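Going line by line, the protein sequences match chains A and B.
Residue numbering for the first sequence follows full-length UniProt numbering, beginning at 1 and increasing consecutively.
Residue numbering for the second sequence follows full-length UniProt numbering, beginning at 1 and increasing consecutively.
I should point out that these hints are in silico values taken from the structure, not numbers from a laboratory.
Owing to the predicted nature of the structure, the values given are computational and were not obtained by experimental measurement.
Take the hints with a grain of salt, since some may be wrong.
Stated by the list, open to error - With a Cα cut of at most 25 angstroms, we get these calculated SDA-like pairs of lysine to any residue: (1) B:K19 with B:P128; (2) B:K250 with A:G112; (3) B:K250 with A:G68; (4) B:K250 with A:P102; (5) A:K20 with B:E136; (6) A:K20 with B:P128; (7) B:K102 with B:M1; (8) B:K277 with B:H156; (9) B:K250 with A:D111; (10) B:K230 with B:I143; (11) B:K250 with A:R67; (12) B:K250 with A:E70; (13) B:K250 with A:W50; (14) B:K6 with B:P112; (15) B:K250 with A:Q56; (16) B:K250 with A:A69; (17) B:K250 with A:V105; (18) B:K277 with A:W50.
The residues making up each chain are set out below.
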Amino acid sequence: MDAVRPEAQAAPYWRSTGGKLLLKRCKACGELHHYPRPHCPFCFSAETEWVEAAGQGTIYSYSVTRRGAEPYAIAFVTLAEGPTLLTNIVDTPLDTIAIGQPVDVVFRDVDGVAVPMFRRVPPG
Amino acid sequence: MTINGKAYIAGAYEHPTRKAPDKTTAELHAEVARGALDDAGLSVADVDGFFCSGDSPGLGPLNMAEYLGLRARHVDSTNTGGSSYIVAVDHAAQAIAAGKCKVALITLAGRPRSEPQSPAEIAYLSDPGVPDVPYETPFRATIVNLYGMVAQRHMHAFGTTSEQLAWIKVAASHHAQHNPHALLREVVSVADVVGSPIIADPLHRLDCCVVTDGGGALVVVAPEIARSLKRPLVKVRGAAAAVKHSDGGKVDLAYSGTAWSGRAAFAEAAVTPRDIKYVSIYDSFTITVLMQLEDLGFCERGTGGRFVSDGNLIAGVGKLPFNTDGGGLCSNHPANRGGMTKVIEAVRQLRGEAHPAVQVANCDLALANGTGGYLAGRHGSATLILERV
């Protein structure tokens with residue numbers, strides 16, 4: 001997909017292969033944010049740092065797109081650390097997806113770039 | 001400074017076309033400009049303020065002023081998606097109140113039915129310089145699945161059902177049957193809506209608005225000019241805009257920016273939701289209408305599903321008639337931007353020029369609301385309150 005052409009500030013995010021999901025933290029106010037920016041969107045400090053998220057979250061909302069060749073699930077996942085991100089739910093039967101389910105991160109290749117998606121945590 | 005009483009809508013025109021394969025977008029802008037000026041009883045030479053948005057070709061006011069032959073001393077091309085044209089009425093009223101212009105022309109036109117994706121839209125969605133694009137497009141976010149997530153969340157939080165959402169489309173179809181220009185004139189039932197194919201859960205095909213070519217225009221004028229014309233007086237009582245976004249990841253889909261623009265517009269107009277006789281709500285999807293009714297205060301948060309049920313939005317049947325032209329769900333959605341046609345139908349209602357079958361009795365106070373972008377993330381909201389005097 002042509003859209004995954006990281007600009008300079010996005011590059012560390014899209015290089016986060018090998019199971020690393022990165023967020024930005026503000027060194028001034030301590031707030032985490034996503035999508036990542038060089039500045040803090042809460043206090044506008046220019047001092048921010050990359051931090052690794054544990055990769056655990058819950059589904060805040062989702063929608064299965066059923067038009068087209070293959071259905072797929074888009075979702076907002078709220079990470080244990082706080083921020084909510086836009087993603088896909090994969091490796092999970094689409095008709096079993098529900099709001100509030102625990103999910104964990106898996107990386108999927110989209111046109112040569114590993115992007116973070118989520119799957120339902122198996123029960124037990 | 002308030003705009004309450006400082007400006008009037010003297011001209012309104014909706015292009016009758018819904019498919020214009022042989023016209024240019026600029027041509028449609030000219031046709032709707034002529035229609036609105038004729039409606040007001042003014043000429044292009046009277047226009048000293050020009051307002052357009054992202055649907056205008058090129059650099060908007062520059063290319064259009066030249067093409068139309070305008071001598072404008074005040075221009076504005078605010079682009080907040082489908083809400084832009086309601087914002088434009090607000091900005092035109094502000095400019096008139098400040099003495100920057102006296103006759104403001106606002107135009108919208110587009111051909112998404114003939115030309116499915118405009119060059120500007122394609123450029124936006126593939127431009128990694130737009131800061132959010134690299135974090136959204138890999139996941140195949142679309143307008144429908146993004147609104148689907150808003151609906152899914154509302155259902156989860158408040159128990160809203162697909163059948164309740166369907167009532168919004170049912171009401172729009174009851175109105176569209178009387179509009180000879182509406183794209184879809186067939187009256188549909190709740191069963192028809194929930195029986196139509198799912199596009200993106202939980203939104204069915206009939207939960208989605210139409211795609212049409214066309215356009216519309218408005219003429220906003222100073223009070224002394226309005227009084228010199230032969231048209232009914234439609235006064236701007238209050239207006240406000242807001243931008244809501246995903247707030248660095250603090251996503252909250254329980255409300256939209258209309259919670260802010262609505263409150264501010266009601267305060268400026270010094271009226272309450274109970275005073276409003278008719279509402280135009282940009283109905284990009286059924287869920288959009290339900291959310292806006294809650295955010296505007298027509299019902300409590302979470303009760304929109306019950307509020308819209310059983311025909312409550314149908315003129316002559318329910319308590320709050322909405323989108324009596326058939327709205328974007330059934331009639332028209334030119335340039336994929338719904339704000340313009342919302343103001344036009346509100347003006348028709350206030351003048352008593354709506355179709356007799358849907359005309360609201362004693363319609364002296366109307367509200368038009370529009371959102372642009374998408375409610376699941378970045379969106380603009382604008383609310384306008386108009387009074388017939």
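Against the structure, the hints:
A distance of roughly 33 angstroms separates the Cα atoms of K19 of chain B and P128 of chain B; the hinted pair therefore is violated under the 25 angstroms criterion. Pair hint K250 of chain B plus G112 of chain A does not hold up; C-alpha atoms about 29 angstroms apart against a cutoff of 25 angstroms. Annotation: proposed proximity of K250 of chain B to G68 of chain A is violated, straight-line Cα distance about 31 angstroms (limit 25 angstroms). About 18 angstroms separates the Cα atoms of K250 of chain B and P102 of chain A, which keeps this hinted pair within 25 angstroms; it holds.
Simply put, K20 of chain A and E136 of chain B have alpha-carbon atoms about 18 angstroms apart, close enough for the 25 angstroms limit, and the pair holds. For the proposed pair K20 of chain A and P128 of chain B, the alpha carbon gap of about 22 angstroms is at most 25 angstroms, so the pair holds. Restraint check for K102 of chain B and M1 of chain B: satisfied, since their Cα atoms lie roughly 17 angstroms apart, inside the 25 angstroms limit. This hinted pair does not check out: K277 of chain B and H156 of chain B have alpha carbons roughly 31 angstroms apart, beyond 25 angstroms.
For a cut-off of 25 angstroms, the pair hint linking K250 of chain B to D111 of chain A is broken: about 29 angstroms separates their Cα positions. Distance check on the hinted pair: K230 of chain B and I143 of chain B sit about 42 angstroms apart at the alpha-carbon level, beyond 25 angstroms; violated. Pair hint K250 of chain B plus R67 of chain A does not hold up; C-alpha atoms about 30 angstroms apart against a cutoff of 25 angstroms. Between K250 of chain B and E70 of chain A the CA atoms are separated by roughly 31 angstroms; this puts the pair beyond 25 angstroms, and the hint is violated.
Taking the CA atoms of K250 of chain B and W50 of chain A, the gap is about 18 angstroms. The hint holds against a cut of 25 angstroms. Annotation: proposed proximity of K6 of chain B to P112 of chain B is violated, straight-line Cα distance about 35 angstroms (limit 25 angstroms). Distance restraint check for K250 of chain B and Q56 of chain A: the Cα-Cα separation of roughly 17 angstroms lies within the 25 angstroms cut-off, and the hinted pair is therefore satisfied. The suggested pairing of K250 of chain B with A69 of chain A is violated, with an alpha-carbon distance near 33 angstroms, which exceeds 25 angstroms.
Proposed proximity of K250 of chain B and V105 of chain A is supported: the alpha carbons are some 19 angstroms apart, at most 25 angstroms. For the hint pairing K277 of chain B with W50 of chain A, the CA-to-CA distance comes to about 53 angstroms; that exceeds 25 angstroms, so the pair is violated.
Hints 1, 2, 3, 8, 9, 10, 11, 12, 14, 16 and 18 from the earlier list are contradicted by this structure; the remaining hints agree with it.
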